[in-house]
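K.L.:
Given the structure of chain A, go ahead and fit chains B, C, D, E, F, G and H with the ligands onto it with the hints provided.
Residue-level listing of the chains:
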Amino acid sequence: MAKVLMKGNEAVGKAAIEAGCRYFFGYPITPQSEVPEYLSSELPKVGGVFVQAESEVAAINMVYGAAGAGARVLTSSSSPGIALKQEGIGYISNAGLPAVIINMMRGGPGLGTIQPGQADYNMTVKGGSNGDYHDIVLAPASVQEAVDMVMEAFDLADYYGTPVIVLADGLIGQMMEPVEFNYVCKKELAPKTWALTGKGDGEKHMIQNLVIEPDECEAWNKSHFEKYAVIEANEQAWEEYLMEDAEYAFVSYGTSSRIVRSAISYLREAGYKVGMIRPKTLWPFPAKAFEKLDKKIKKYMDVEMSMGQMVQDVAYACNDKNKIEFYGRTGGVVPAVDEIVEFGKRVMGGDK
Amino acid sequence: MAKVLMKGNEAVGKAAIEAGCRYFFGYPITPQSEVPEYLSSELPKVGGVFVQAESEVAAINMVYGAAGAGARVLTSSSSPGIALKQEGIGYISNAGLPAVIINMMRGGPGLGTIQPGQADYNMTVKGGSNGDYHDIVLAPASVQEAVDMVMEAFDLADYYGTPVIVLADGLIGQMMEPVEFNYVCKKELAPKTWALTGKGDGEKHMIQNLVIEPDECEAWNKSHFEKYAVIEANEQAWEEYLMEDAEYAFVSYGTSSRIVRSAISYLREAGYKVGMIRPKTLWPFPAKAFEKLDKKIKKYMDVEMSMGQMVQDVAYACNDKNKIEFYGRTGGVVPAVDEIVEFGKRVMGGDK
Amino acid sequence: MNTQRICCAGFGGQGTLSMGKILAYAGMLEGHEVSWCPSYGPEMRGGTANCHVIVSDEPIGSPVVTSDANCVIAMNQPSLDKFVDILGKGGVLIVNSDLAALKEDKADIRVLNVPANTMSTQEFGGAKLANIILLGAVIQSINTVKVESIDDAFTHVFEGSKAKFIPDNKKAFIMGYEFAQNYK
Amino acid sequence: MNTQRICCAGFGGQGTLSMGKILAYAGMLEGHEVSWCPSYGPEMRGGTANCHVIVSDEPIGSPVVTSDANCVIAMNQPSLDKFVDILGKGGVLIVNSDLAALKEDKADIRVLNVPANTMSTQEFGGAKLANIILLGAVIQSINTVKVESIDDAFTHVFEGSKAKFIPDNKKAFIMGYEFAQNYK
Amino acid sequence: MAVVFQKTKALTDVKLHYCPGCAHGIVHRLVAEALEELGEDKNAIAAVPVGCSVFANKYFNFDAIQCAHGRAPATATGIKRVHPDKIVLTYQGDGDLASIGTAEIIHAAARGEKITTIFINNGIYGMTGGQMAPTTLPGMKATTAKAGRDPKINGNPIRVCEMLSTLDGPVYIERVSVSTPAQVTQAKRAIKKALEIQRQGLGFTFVEVVSTCPTNWGLTPVKSMEFVREKMIPYYPLGVYKDITAEEGK
Amino acid sequence: MAVVFQKTKALTDVKLHYCPGCAHGIVHRLVAEALEELGEDKNAIAAVPVGCSVFANKYFNFDAIQCAHGRAPATATGIKRVHPDKIVLTYQGDGDLASIGTAEIIHAAARGEKITTIFINNGIYGMTGGQMAPTTLPGMKATTAKAGRDPKINGNPIRVCEMLSTLDGPVYIERVSVSTPAQVTQAKRAIKKALEIQRQGLGFTFVEVVSTCPTNWGLTPVKSMEFVREKMIPYYPLGVYKDITAEEGK
Amino acid sequence: MAKGRVTINETLCKGCELCVSVCPKHVLQLSTTKINASGYNPAEVVNDDCIACTSCAKMCPDCAITVEKLD
Amino acid sequence: MAKGRVTINETLCKGCELCVSVCPKHVLQLSTTKINASGYNPAEVVNDDCIACTSCAKMCPDCAITVEKLD
Ligand SMILES: Cc1ncc(C[n+]2csc(CCOP(=O)(O)OP(=O)(O)O)c2C)c(N)n1
Ligand SMILES: Cc1ncc(C[n+]2csc(CCOP(=O)(O)OP(=O)(O)O)c2C)c(N)n1
Ligand code: SF4
Ligand code: SF4
Ligand code: SF4
Ligand code: SF4
Ligand code: SF4
Ligand code: SF4
Ligand SMILES: [Mg+2]
Ligand SMILES: [Mg+2]
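Order-wise, the sequence lines are chains A, B, C, D, E, F, G and H.
Mapping of the first sequence onto my numbering: position 108 corresponds to residue 111, and the numbering continues sequentially without gaps.
Mapping of the second sequence onto my numbering: position 41 corresponds to residue 44, and the numbering continues sequentially without gaps.
Mapping of the third sequence onto my numbering: position 18 corresponds to residue 20, and the numbering continues sequentially without gaps.
Mapping of the fourth sequence onto my numbering: position 151 corresponds to residue 153, and the numbering continues sequentially without gaps.
Mapping of the fifth sequence onto my numbering: position 113 corresponds to residue 190, and the numbering continues sequentially without gaps.
Mapping of the sixth sequence onto my numbering: position 106 corresponds to residue 183, and the numbering continues sequentially without gaps.
Mapping of the seventh sequence onto my numbering: position 39 corresponds to residue 789, and the numbering continues sequentially without gaps.
Mapping of the eighth sequence onto my numbering: position 19 corresponds to residue 769, and the numbering continues sequentially without gaps.
Any given hint could turn out to be false.
[Stated by the list, open to error] Restraint ranges, calculated between C-beta atoms of paired labels, are given here:
1) G:Val-796 x C:Asp-87: 41 to 47 Å
2) E:Gly-278 x A:Lys-295: 56 to 62 Å
3) B:Asp-204 x H:Thr-757: 45 to 51 Å
4) D:Gly-128 x A:Cys-188: 29 to 35 Å
No lab work stands behind these hints, which were simulated from the structure alone.
These figures come from a predicted structure and were not determined experimentally.
Backbone N, C-alpha and C fix where the C-beta goes; we use that ideal spot for every residue, glycine too.
Just chain A, same shape as in the assembly (with noise of 0.2 Å):
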């Protein structure tokens, strides 16, 4: 397939009917908004069905609906949005439905603003919602990974029982880039023998959410933390930039990362033995990646479009917060090149 110039919004919702999405429920938001006007007239060509939520919080429950009935079904908004659904997402979470959520996330908190932000970290990643749970975090830098990552999203959802949440941005959603679809499962999908049919002749299907007895809801809770081990053993996902013979990790994700990666050519340039750990998956946070360099690496310098959302979750991965700095933009900044240069070279110094 040969590649196509796509903005992210568009690509992403090709993305997912390519991956045998037929189901959106959504409503409008910017920097979203192309996602649901994209799918609202493609879904239908395909014999998929878009429906315009009459709210998030609709949408997010006609996802739990359609999830349980069997269906690989998506939503998507941006940061308000998002925060409407936590209770929704909280509730797929906790039936172990599979849906996949994107997230393209604006400037912070409250309305606050359309330009592209990265502080809905803590609401994708510690958990927005009440009770223990966590939901898989993806986090593409580029229209491509964005595709590719909604596409892997489907079958990680499918796969583990679970809701995926790519975690993108504004830029990634208005930009556009050179895109192929390729969809390839690479897991073995067991048949949803759970879902609501309609019984036929055989035995009745339940989804439930109240588990009232302590003692079936702890143990309801510990099972979805057995699958929680096993993704976070199996799934941790990041990209090493420049690592090899690195004294200093940049430490940053999605949007930011492509800035932090200019400005590494320029320190590299500058003679700075400056590299990258850049996570893909947000949660299961990357932690191999820092176990495997702990000792090696001076300071992780994490970038980031947020006031330092991912500082501890770096600071519990490398064990030592005093090995962290941070630099952050926030309210829809994009931070420049120069910024981040001029950053790094605060940070180590003469340290070449």
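P.N.:
Showing chains B, C, D, E, F, G and H with the ligands alone in chain A's frame:
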């Protein structure tokens, strides 16, 4: 004022009234429904207003309005209801408005169970809404402390211009203990000159949430974080229980800290030099308590009614994740004293 | 006074929660630390209802009694079965013998079988005050609060228009107390 | 080819975004790495609209051009004022001279004043193709993509019923290209 | 000798947890019987609410999902879109449907989702202990309106059938009750008709059942049924509010 | 020589960011003029929505708060309860009010909150770029219904005045438009009346303005006004839907 | 008039009395002696006037009643 | 008929033509020559038949019109 025996839920309602709160907007949910029930009859007696909102979403947005209008205002709910309020909490945080939110946590995730839990730590302390923000989080361990903290919460909210969340659980809401109400405001509170009151002959007032220009939005965010830095410096609160000679420290808050307290008396009897750091503020997390003790303590034993949501904060505070052992029950199970004694012995071994 | 850990359990409607509340109130009036901790939940409707009361001279840790209880009051069979094992050494089991009976002997505990329903019905024309009769037996059997403090507690718990219930409650309480005094 | 960082800016409706898109498309067709990154937001409605295009032979880092730009196309005055400073050494400023002018001389850059509105209006009866005229000037002035690739890009961007726009676009492109060739 | 009434097989054998005399049990049975009679219990999927009927999933002997409070119509939408050939229904209380779930029911109705909603109006929040519902009658006591609902203070009740009837999406709306055997018969007829219309794919169908909550009303079950007849029904008149099948018939 | 029309002082001098010919500007002016004429601009507090009018707080020369999408009626409730003597109004678009905010407007109305809602029905999501609104007409194009709204696929439009009129809480409901000078005059009269009723503390008042979105309709402002008259108003008939002051007068 | 027979499942019965209240033939009463495992006094048949009208069964929220028609 | 005068604030005007479309006396036109700072062709007065009916001002979304009555 003589002590009275009161249910936690009613006591926090009375505490709010004593602290001058005259507005409550909320929606029923077990195990906190006695809060609205109590206030529905008591507020009108003091000229206050109780509104049963159509939902938690409406309730938190009513709070936004009343807070913007300059009032002391309360809402309360329990876990899934608080999940629904996340967008609204983000708005109030962004606008820098004072409001008090009580969460009588239950087991989760999703609808979960109605039994007590502590698994909303992440949603509350890390932030379940979009964007960069913090709310002050107070964690009472008794009905009296819940009363005192609710009162203090109004002062902190007004003083700093931020939502304050009182994070208790169903047990504290449902149990009765003797309480007294002695409201004394320890902060010097400025008049709310910014409030919406009709401009009269003065300047008009605006409460904004969309700060469309990223630079302005970032400046706005930064101003919040300056405030947060002051809060972190001044408002960390914790209790040290038998820590003078302790070589091991439990870390536990709220209801689980009470179980730990009982366990400690058994363990002390058995000769273990063990105490407890009990965070009373969860944000700001009482890092100072750990800085002080750091070297002395061999292990921190974190006990929660969750799968370990506080662990990262403890690790960050003591800067060594390997020093932490965790014991948790989840899904509405309250651990028994015996279990904690056993856990303590397992960690401390023969190490008395 | 050593810390007293008491568990009152029965069907919803049998008054286990208010029995516990009066006990806690009396403890508070004597200046002790007290806690009253109910079970709550959907099982309360028509199902079981129980509460844990702790009276102590030290700040109370766990308000839930899961072991080392001094006293369990079982107003029906399921409650007896569920809670008998949390009694500590020397603990007292007070049984509403009209509706429950200890099936297997248990070492290290004392058992008081009180036909509270019958007693209440005979005296008051209904089982309504069985809980208070049992409370009387509790106060006689373990070392918690004084009888006068229970009387005080009645006046606090039955305020205003409810004051009319006090005489019968006092009477029921004495019935239970005396029953226990004369037990075996 | 060195990494080319291009910024197209103007009023909403002047076609800055599609100018950038054609350029990016051409880059892609030549097998380069490309990115096209628009500004978006409420200011787009009646306000300014700009996009950043990067064409490179290495994976593209920042898709936003905030410095070291090779080329800035300013279709109106506010855009010129806003973006001229991101040009790097030796960068080219292409000005729609009907609506904008560089006020102060700037060292180390080359300036091309193209009366694109006038040219478009004269040839096509409206300012609609000013953007493509400027694109012609861009391609002539910096080392990005081949003219044929732009032609190719036209056939991809104007598909189906839009194919009828190709001839005029090609013509406009050549006009700009030749104007730049003969400049000064 | 013939059995003329026995428990439908479309209910499981799980014992209902409802309070004695609670009408939820009656309506559960009617839904199940209607589905069984239509031969659709094997094709049915229920979206059950948060409210006393949160465990309806255990009682219905067909597929079911426990929904978030108020969102059953959205969840049912998700299910129906995936399985347009199944019978999808929501079963919701008045707090669930007429308070927190107002937007979801109105929009499911406006979209003309081909689902059936059974709306149990007992004028109170049963599960959480008797708080005021949007349908609590003026003067009726609730734990958040202890002196009885005063519309001046507590706002006015909402009549859901009337409100939904202003929309173009619904094709059948009827209000019934179950306070007498005759009403039970009519209620079943309405539920069956609604499900039948769904089967034909005609659009959104809605049956409101004026119901009881003896526990939180503080009345015996028998008195509760009287209350329904004397107070609830005058405020919530029974009858057909919309029926395009009848209109088309004309 | 007398000035017979000039800009009201109840608007600030901040330039409106609306597209050319967008009727939001007209309605802003009417609200401001009505308040000024009532002498209530100094007492007024506006709850503004998320939608194109999100910056109305900058334009209104009186106190204002930017609300969460759809929740202005809740936020206004909070304000009004604290300041019962102030004039509190919400200004909301059709996405805001009739979609995500459905529950909030219905319950503010049912409670009889003593606030005034100005509802701008332009049949589209303006701010986010022309997606379908609950009030988009059948056949009308939207970016999420590119072939035009098909009620079979996209559901049916909601008529908000009609729906709210089934409730007991509202005391005054009128639908107006601003597509001609005469309609503008009538619209102002309605807005003023609603605010006046609020001042008297009688209850919830609601004015729907059938409005335009030239940009997303893809029509010139003048053609947009024609579209309002030819297509929108027949579907959304103008007039008084509820007026207890009139009823009481009878 | 048809002759009928009702059977009460005492385990399921919660003693709500709804059946009692609607029986046209006063066939049913709550037991004053029996208490079932859940603590309720179940309904019982007190005469054999049953006409198999099924009114009682229609009202029973707990599906505790079976009705037979004797022919 | 009253004689009137309208004044257009050209900075505020967005050239929407609503005023033009409603003026009964065809007093207003969009300028074909002027462009304001925001890039719009503002409305301008093309004759002096104004009767101060205020229709134009009522329709102006941008409060760009002032109307005076000449007496
Ligand atoms: C988001 C959320 N809010 C509140 C609750 C608590 N809650 C459970 S059931 C219920 C109301 C039930 O009333 P209704 O819908 O009338 O059903 P009924 O019990 O009367 O049948 C409420 C408020 C919840 N579970 N989730
Ligand atoms: C929770 C949330 N969801 C979605 C949005 C995005 N959003 C902003 S305005 C809007 C719709 C605006 O349409 P309408 O209310 O009709 O107002 P108009 O712009 O047409 O005046 C939407 C969906 C948001 N800001 N917040
Ligand atoms: S609380 Fe009310 S609605 Fe719930 S089961 Fe009991 S009687 Fe029925
Ligand atoms: S997008 Fe539509 S509603 Fe918004 S300002 Fe422009 S014309 Fe008005
Ligand atoms: S079937 Fe009819 S007559 Fe027989 S017991 Fe039941 S109600 Fe009475
Ligand atoms: S109606 Fe059913 S549950 Fe009620 S008393 Fe009769 S048999 Fe028992
Ligand atoms: S006031 Fe009347 S006559 Fe004068 S310009 Fe305006 S519309 Fe025309
Ligand atoms: S109505 Fe106002 S903005 Fe529009 S053209 Fe006339 S003066 Fe200009
Ligand atoms: Mg109800
Ligand atoms: Mg609109």
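K.L.:
A separate judgement is required for each hint: does it hold in the structure or not?
P.N.:
Status of the hints after comparison with the structure:
Restraint check, G:Val-796 to C:Asp-87: a C-beta distance of roughly 44 Å satisfies the suggested window 41 to 47 Å. Judged by the Cβ atoms, the range 56 to 62 Å given for E:Gly-278 and A:Lys-295 holds: they are separated by roughly 59 Å. Take B:Asp-204 and H:Thr-757: their Cβ atoms lie about 30 Å apart, and the range 45 to 51 Å is violated. Here the CB-CB span from D:Gly-128 to A:Cys-188 is close to 51 Å, at odds with the stated 29 to 35 Å.
Of the numbered hints given earlier, the model fails hints 3, 4; all others are met.
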